[in-house]
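K.L.:
Note that the protein sequences, when read in sequence, are chains V and E.
Under numbering that gives the first Met the number 0, the first sequence is numbered contiguously, ending at residue 526.
Under numbering that gives the first Met the number 0, the second sequence is numbered contiguously, ending at residue 118.
If you're looking for bench data, these hints aren't it; they were derived computationally from the structure.
It is possible that some hints are incorrect.
Here are the simulated DSS-like pairs of lysine-lysine, each with C-alpha atoms no more than 30 Å apart in a straight line [said to hold, decoys possible]: (1) V:K360 - E:K91; (2) V:K444 - V:K390; (3) E:K2 - V:K161; (4) E:K91 - V:K350; (5) V:K522 - V:K500; (6) E:K3 - V:K508; (7) E:K24 - E:K111; (8) E:K39 - V:K360; (9) V:K350 - E:K39; (10) E:K24 - V:K514; (11) V:K258 - V:K2; (12) E:K39 - E:K106; (13) E:K22 - V:K348; (14) V:K3 - E:K22; (15) E:K91 - E:K3; (16) E:K3 - V:K348; (17) E:K39 - V:K348; (18) E:K53 - V:K162.
Computed from a predicted model, the values in this text were never measured in an experiment.
Letter by letter, the chains look like this.
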Amino acid sequence: MNKKTLLFLRFILILVTILVMTYSKKGLSVFEPGYLIAFIYFISNIILYRIPEKLFTKPIVSFSMFLFDIIAISLAVYFTQGMQTDFYLIYFLVIFVASVGQDVTGSLPIAIVASLIYGWLLYRENPSISFFDSKILIRVPFLFILALMSSYWSQATRRELKKKDELERFNKELQKEVTRVAAEEIELRKYSEKIINSVTSGVIAVSSDGMITTINPEAARSLGIKSEYSIGKDIREIRGLESLWQKMEQCIKNDTSIKRDEIIVNTDKKKNIPLGFSMSSISGAKDRFSGCVMIFKDLSGIRELEHKLKRAERLSYLGKMASWVAHEIRNPLTAIDGFAQLLENTDEKEKIDLFTSEIHKGTQRINYIIDDILAFARAKRKIAHVPIDLKEMMSSITKSIIDTKIEIDSVRSPIVEGDAESIRRLFVNLINNSVEAMRDNGVLKITIVDSEEFITTEIIDNGEGISVDDAKNIFEPFFTTKQRGTGLGLSIVKKIVDEHKGKIEIDSKQGVGTKVKVALPKKQEEV
Amino acid sequence: MKKKILICDDEEPIRLLLSEALKDKYYIEQATDGREALKKITKETFDLLITDIKMPGTHGLEAIERIRERNKEVPIIICSAYRLMEDDIVVKTSNVAAFITKPIDIKALQTKVWELIGD
Chain V
0 MNKKTLLFLR FILILVTILV MTYSKKGLSV FEPGYLIAFI YFISNIILYR
50 IPEKLFTKPI VSFSMFLFDI IAISLAVYFT QGMQTDFYLI YFLVIFVASV
100 GQDVTGSLPI AIVASLIYGW LLYRENPSIS FFDSKILIRV PFLFILALMS
150 SYWSQATRRE LKKKDELERF NKELQKEVTR VAAEEIELRK YSEKIINSVT
200 SGVIAVSSDG MITTINPEAA RSLGIKSEYS IGKDIREIRG LESLWQKMEQ
250 CIKNDTSIKR DEIIVNTDKK KNIPLGFSMS SISGAKDRFS GCVMIFKDLS
300 GIRELEHKLK RAERLSYLGK MASWVAHEIR NPLTAIDGFA QLLENTDEKE
350 KIDLFTSEIH KGTQRINYII DDILAFARAK RKIAHVPIDL KEMMSSITKS
400 IIDTKIEIDS VRSPIVEGDA ESIRRLFVNL INNSVEAMRD NGVLKITIVD
450 SEEFITTEII DNGEGISVDD AKNIFEPFFT TKQRGTGLGL SIVKKIVDEH
500 KGKIEIDSKQ GVGTKVKVAL PKKQEEV
Chain E
0 MKKKILICDD EEPIRLLLSE ALKDKYYIEQ ATDGREALKK ITKETFDLLI
50 TDIKMPGTHG LEAIERIRER NKEVPIIICS AYRLMEDDIV VKTSNVAAFI
100 TKPIDIKALQ TKVWELIGD
């Protein structure tokens with residue numbers, strides 16, 4: 000019960016008291032003590048209005064107030080000699096108001112005090128009054144019953160009110176929390192949107208039925224579409240993105256990811272966009288949240304650079320090749336031309352034989368150079384799939400070598416698939432290199448082993464070896480350390496190995512020798 | 000006594016050709032690269048050096064530079080597939096007597112040699 004209500008009830012109580020005083024036997028007149036009491040009683044209510052609510056609700060304060068009320072009423076009645084009237088009813092009112100203001104521990108003492116004072120007043124008026132007089136026997140228990148009942152009632156009401164209050168407070172708190180969480184979610188959403196929009200790669204997310212749920216500005220820019228019109232659209236409806244959907248659908252269906260891949264996309268605005276992408280399925284509890292997210296980069300710029308670089312490389316090769324051809328061809332040509340001139344001025348049989356033989360050697364040399372150029376410059380082609388016995392091939396190649404000791408150690412029928420002519424050229428070049436690197440007491444060891452999908456051939460010589468610096472450039476075209484090399488031999492070897500999807504390693508120590516390891520696949524993939 | 004000519008070229012057929020063209024009138028020695036030529040010139044006196052420029056090992060121009068450093072006044076004929084060498088700073092300062100471009104005109108070579116050192 001709040002202060003205002005309680006003081007209002009108390010005000011009614013004062014009015015009723017004054018009313019009872021007015022109708023008492025003696026009545027209320029200005030110069031009587033009863034008038035002063037009534038006045039003080041009235042003033043007390045005004046003073047109580049002034050004290051703070053916190054202090055007012057303290058049990059000791061309210062108990063003192065009701066005690067004061069009982070005493071004031073009793074004095075007022077005493078002075079106005081109101082015992083003959085119905086003044087005792089005012090006690091009921093005080094007890095009722097006291098019960099409203101506090102619980103049974105507050106109202107019961109008030110009821111006791113009221114009963115005592117009432118009893119004493121009755122005794123004062125009539126000392127011979129019996130304890131069993133109806134005035135005592137009925138009225139006093141009534142005071143207690145009223146105190147108990149009304150305090151029970153007010154306590155129940157207070158409890159209800161408190162519950163309602165608490166519920167209201169809880170509701171308010173809940174409402175506040177809901178608002179706060181909603182605001183936070185919006186902030187969080189904005190934040191993640193900002194992150195996605197700031198990514199310099201394209202990001203597209205679709206739901207499992209192909210609806211675009213997220214597309215960042217970079218993605219829209221790369222694909223030449225408008226991001227604001229794309230969200231909520233079916234990705235298949237945007238021209239050119241069907242191919243992306245096919246990949247995404249696979250990802251969603253198999254719940255997998257694609258780490259790195261490339262795709263060419265043609266949209267309305269942009270043609271032939273090379274995209275490097277990775278994608279991953281998003282698995283959610285509900286269909287609404289499952290789908291696929293794709294991160295991609297427009298590779299146009301990189302492709303253009305690569306193209307330029309390749310062009311520059313080709314031009315640089317062309318320049319090197321021109322200079323190389325000039326030197327390589329001119330030397331045998333000079334010999335041929337020179338010996339032809341000498342031939343004109345001699346009739347000595349011996350000289351004629353020497354000069355013609357030199358002319359022949361010169362043409363052979365040119366032929367050899369042309370073969371090398373063709374093998375090197377030949378465009379990448381589909382290779383033939385012919386079974387080749389490497390053991391037989393090694394024996395055939397090394398048959399004509401006289402000055403060097405040859406040791407061949409091989410597994411039985413080491414068969415690889417490939418182009419026989421190219422593979423022969425590959426090993427001729429390698430074996431020639433080894434033989435040329437060795438002087439006296441040269442031993443060339445050839446080992447052929449079976450290593451799962453490959454046949455590995457090791458060619459080991461005890462020749463001069465290659466320096467660490469030279470080893471770096473060994474596969475570079477036009478690079479040679481030999482007196483009579485074209486500088487294309489190992490480039491051609493590398494090219495043939497690559498064409499056959501094989502592997503080559505060269506391990507060399509200057510002054511010790513060189514080990515070349517060539518692994519060629521047993522089977523070539525069908526194209 | 001026959002005059003002595005040193006022929007320096009990494010290509011064996013060219014060395015053979017030059018020596019066949021000149022050996023009737025001159026005494027011919029051969030070197031396969033600049034280092035060998037330098038070694039021979041330091042050891043004995045030659046009346047003429049005919050050298051290629053682009054060779055593996057010691058480059059012809061390096062050899063010419065070293066020869067001149069050692070105060071050897073031997074006449075030099077450069078016999079190369081490259082004409083651009085005439086502009087080289089070493090060539091300009093080394094007092095090269097003549098350039099012969101490959102393929103070689105044997106008659107012109109013989110004449111040039113005769114002009115430089117006689118019989």
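K.L.:
Could you run down the list of hints and mark each one as holding or not?
P.N.:
We went through each hint and held it up to the structure:
With a C-alpha separation of about 36 Å, the suggested pair V:K360 and E:K91 falls outside the 30 Å cut-off, and the hint is violated. Under the criterion of a C-alpha separation no larger than 30 Å, the hint pairing V:K444 with V:K390 is consistent with the structure, at around 13 Å. Straight-line distance between C-alpha atoms of E:K2 and V:K161 comes to about 135 Å, which puts the hinted pair past the 30 Å bound. Annotation: proposed proximity of E:K91 to V:K350 is violated, straight-line Cα distance about 38 Å (limit 30 Å).
The straight-line distance between the Cα atoms of V:K522 and V:K500 is roughly 10 Å, inside the 30 Å bound, and the hint therefore holds. The suggested pairing of E:K3 with V:K508 is violated, with an alpha-carbon distance near 42 Å, which exceeds 30 Å. With a C-alpha separation of about 13 Å, the suggested pair E:K24 and E:K111 falls inside the 30 Å cut-off, and the hint holds. Pair hint E:K39 plus V:K360 holds up; C-alpha atoms about 29 Å apart against a cutoff of 30 Å.
The hinted pair formed by V:K350 and E:K39 meets the criterion: a straight-line CA distance of about 28 Å does not exceed 30 Å. Taking the CA atoms of E:K24 and V:K514, the gap is near 50 Å; set against the 30 Å cutoff, the hint is violated. For the hint linking V:K258 to V:K2, the alpha-carbon distance of about 74 Å lies beyond 30 Å, and the restraint is violated. The straight-line distance between the Cα atoms of E:K39 and E:K106 is roughly 27 Å, inside the 30 Å bound, and the hint therefore holds.
Our distance criterion of 30 Å between C-alpha atoms is met by E:K22 and V:K348, whose separation comes to about 17 Å. As the CA atoms of V:K3 and E:K22 are separated by approximately 143 Å, the hinted pair breaks the 30 Å bound. For the given pair, E:K91 sits about 25 Å from E:K3 by alpha-carbon distance, which is consistent with the 30 Å threshold. As the CA atoms of E:K3 and V:K348 are separated by approximately 27 Å, the hinted pair is consistent with the 30 Å bound.
Among the hinted pairs, E:K39 with V:K348 is inconsistent with the structure: their alpha-carbon atoms are about 33 Å apart, more than 30 Å. Of the pairs offered as hints, the one joining E:K53 and V:K162 is violated, with about 108 Å between alpha carbons and a cut-off of 30 Å exceeded.
In this structure, the earlier hints numbered 1, 3, 4, 6, 10, 11, 14, 17, 18 are contradicted, and the remaining ones agree with it.
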